[in-house]
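K.L.:
Taken in order, these protein sequences are the chains called A and B. The numbering of the first sequence is this note's numbering, which starts it at 1 and goes up by one. The numbering of the second sequence is this note's numbering, which starts it at 1 and goes up by one.
It is worth saying that the hints were derived from the structure and are not from the lab. Here the structure is a predicted model, which means the values were calculated and not measured. Glycine included, C-beta positions come from ideal geometry on N, C-alpha and C. Be aware that a few hints might be false.
[Stated by the list, open to error] Cβ-to-Cβ under 7 Å is the rule here; a few derived chain A residues that face chain B: (1) 293; (2) 304; (3) 392.
[Unchecked claim] Where chain A lies over chain B, by a calculated footprint (3+ residues, C-beta under 8 Å): (4) 2 to 8; (5) 236 to 247; (6) 262 to 270.
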Amino acid sequence: MDFRDTPEEAAFRAELRAWFAANLPAGWAERTPTAGLEDPEFSRAWSAKLFAAGYAGITWPKAYGGLALPPTYQGIYLEESARHDAPGHIGVIGLGMAGPTIMAWGSEQQKARYLSPLLSGQEVWCQGFSEPGAGSDLAGARTRAELDGDEWVVNGQKVWSSYAHIADHCILVVRTDPTVERHRGLSYLLVDMKLPGVDVRPLRQITGDPEFNEIYFTDVRVPRDSMLGAPGEGWSVAMTTLLHERGTLGFALTARFEALLGRLVDTVRATRPDGVRPADDPLVRDRVAALAIDLEALRFTNYRALTALVRTGQPGPEGSVAKLHWSEANQRLTKLAQDVLGPAGRIDGPDAWWGGFWAYQQLRSRGNTIEAGTSEVLRNIIAERVVGLPRSR
Amino acid sequence: MDFAFSADQEELRAAARRLLADRLPDERIHSAADAPDETFVDPTLWAELVGLGWVGLSTPDGGGTFLDEAVLIEEAGYALLPAPLLSSVVCLPALAGLADATARTALAWAEPRGPRTFAAAHAVTSTATVDGEAWLVQGSKCDVADLGCAERAVVLAMTPGGPALFRVPVEPGAARLQPTTDGTRRIGVLSLANVPADLLADAEASPALMTAMRRRAEAAIALESVGVAQRMLETAAEHAKQREQFGRLIGTYQAVSHHVADMYVRTELARSLAYRAAWCVATSESEPDAVTTQEVDVACAAAKAAATEAAVFAAEGAIQVLGGIGMTWEHVAHRFYKRALANEVFAGSPAEHRATVATALLGATR
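Same shape as in the complex, but just chain A (with noise of 0.2 Å):
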C-alpha cells in the first residue's frame, strides 16, 4: 500500500500540471462561476487541446491517438483536472460509452471510422436507450430496425438523450426480432445523426436549461453495416456500454465533487450582506466536514477500485458504490450551499449569487439519482450481485 505517486506518476502529474497553466485560459482561476450549460464551441476547442496533448484518451491506445497509459495516470488526469477546475471534453457520451464499446465489438474498418474523431471531439456521440416506455428496463426498449435490402429501417422515438442536439451519431439500442424473448431481440447500432428521417427535439429540464432530447426516427435508412456485434446481440453489447459508463465513473464524478466543495468552502467563507459569514455556524461547518469525508470516502474508494482494475483487470463494484454515493452526497452538498445563502439563493437572473450557480448546481442535482442508473436500481445491483441476496424479480 502507497498512495505516493511512481517517479513515472509525479512526472506525469507536473506535465500535466505545466500544460494546464498554459492552455487555460487567461484568469481562470478566478473567474466567476456562472449557471447553465458550457457553450459547445468553447467545449470542441477545449477538447481538440487535450487531444492534440494527448490528455482525450490517456488509456486509449495509440493507434486512435491514445497514449496507453494505466488507468493510474486517467486518474491523475482527473484529479488535476479539478484542482484546475478545467472544463471537460465535449466526448462525455463517446469517451465514456460509445469509445470504449466500439473497442470492444467493432469491425477494424468501424474502429478506424469513429474512433480518432470521437476523441478529438469533432464527432460528438450522443445515447439512444431509454425510450418513453423503456427507462431503467432497456430489455424492454420498442424503436424497430427492419432490414430491407442493404439497410436497417429505423421507427421509433428515444428520450433523455444528452448532447443529441449537437451530436454527430448515436449509440442506438434497437428491436430487430420482436417474435423472440424480450432480450434476445435487441441489436445495437450506430446512426449518423444527419440522416433523413432524424428529428432531435429538446426537452427543458427543471433548470430551465435543455440539455437533454427527444430524438425521433421515422423510417431512418441505416446502413447495414452500421451494427455492432451480430443482430440479437444487442443486450451484450449494451451491457459493455453500461460496465464502462459505470467503471469509469467514479473518478470523473469525484473529481467534480471536489471542485464543487472548493466552491462551497467559497461559498460558506464569504460575508454574506447581513454580516453573517456562514463557516462561523457549527452547524454549517458540521455539514461541510461531513462532505469533505464524503468526498475522502469517494476519493479513497476510486483508489480501491482501480489498484483491483490495474490487479486483475476487472472493475470491482466499487463503481455502483461511488455513484449511489456520489449522487446522493452531491444533492447534500448544493442544498447546503443554497440553505446558506438564504432567500438571496433563490434570486434569479443578474442579481443572483454567481449568476445563479447554486440555484442551478442544487436543481440539476435531482437527476443525479436518476441518470445512468437510478439510485433504486443501483441498490438492486449491490444488494443481488455484490451482497448475494435473492433476486427481487
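For chain A, the structure is supplied; the task is to place chain B on it using the hints.
P.N.:
Just chain B now, with coordinates in the frame of chain A:
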C-alpha cells in the same frame, strides 16, 4: 499509487480470521461479555496471540508496521475479540525500546474532572513527583479502555516541566471496573495513590508520543469499527437469504434488500477511509517527511467519525433485518451493537472529529 494490502498482509488477515472464528464462537462472546471481572481475562488466548507474534508487530523486534496491526485490529472487530489488542497497539509508541512490549497494556489519559479527549490531554490534573530516584504518580484516571485485562497502564501525569508519560503496574486494588453496556471491553477507573512509576518520556518528548498514540487510537477504532460493520452486514445478509415471510425470502423485498445495500455502501466507504488512515499513521511513523501533520490528522479524524457511525448504522440495520430475534439477549447482534456504540463516543465523538476536519478546511471560527 497502490491501494491494497500486500499478499503477506492478506495471509495474516486470513490466518486471524480462521483463528478468531475458532476461538470465539457466539457462545464464547456471550460468556466473555457476561463473565465476572475476575474471570474476564482469557490468558490462554492472549498467550496464543503473543506466541503468533501478533502483539508488538510494529516494534523493531516485531518486524512489521502499523499496517500489519491494522489488519489484525479489523479482524479483532469482526470477531469481537475480548482482549486488549487495541490498547496494546495504541500504547506501543510510548513503550519503544522496552523489553516487554507484549504485556497487556491500557492507556490512561482521561480524568473524571480533567481531560476526556486527547485534544484536552495537556490539562491533566494527576501529578508525578520525584522521591529520591523514583517517580510517584498520584491522581485518578477514568475511561481506561481494556483496564479489565491490563497488567499495566501508560498514564499521563503533570511534572514540574509539563505533562509526561509514565508506566504504572495495574494493582488489583487500584483498578475499579465499571459495569458498562459493552461487556467485551472492560473499562474503569484507575486510582493512583503515590504509585511507583517508570518515566517513559519527559515533558519535552511526551507531546509527540501523545500525538502518535492519539492517531493510533483513532485509526485503530476506525479499523475495529469496519470489522464490526462487516460482521453485522454479513449477519443481516445471511438472515435475509434464509428467512421466509409471506411465502418469499425476505431478501427479495426491496425494503429489506435496499437497507442491506446501504449497509454495504457505508461499510465500504468507511473501509476506504480506515485503510487510508492506517497508511497515513504507518507512514508518519516510518517516513515522517512523507506526509504532512494535517494530512494524517484529517485522515484519522475522518476515518474515526465515518467508520464508527458506519458500524452503528450496520448494527442497527442488522437488528432491524433480524426482527424480533435481533432484540434478544440470546442473539449475538447486541454485543456488536454495544461495541459499536462504545467506539462511537470513545476518544472523541464523530461531531468532535468533524470539527477537526472543518477547521482544516475552513480555518478557525471568528
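K.L.:
Each hint: holds or not?
P.N.:
Verification of the supplied hints:
1. About 5 Å separates the beta-carbon of residue 293(A) from the nearest beta-carbon of chain B, less than 7 Å, and the hint is met.
2. The closest approach between the C-beta of residue 304(A) and any C-beta of chain B is roughly 5 Å, which is under the 7 Å cut-off, so the hint is satisfied.
3. Taken as an interface hint, residue 392(A) checks out: its beta carbon lies about 5 Å from the nearest beta carbon of chain B, inside 7 Å.
4. Proximity of the stretch 2 to 8 of chain B to chain A, defined as three or more residues with a beta carbon under 8 Å from a beta carbon of that chain, is established by the 5 residues found.
5. Only when three residues or more bring their CB closer than 8 Å to a CB of chain A does the claim for the stretch 236 to 247 of chain B stand; here the count is 3, and the claim holds.
6. Proximity of the stretch 262 to 270 of chain B to chain A, defined as three or more residues with a beta carbon under 8 Å from a beta carbon of that chain, is established by the 6 residues found.
Going down the numbered hints, you'll see the structure goes against none, and every one checks out.
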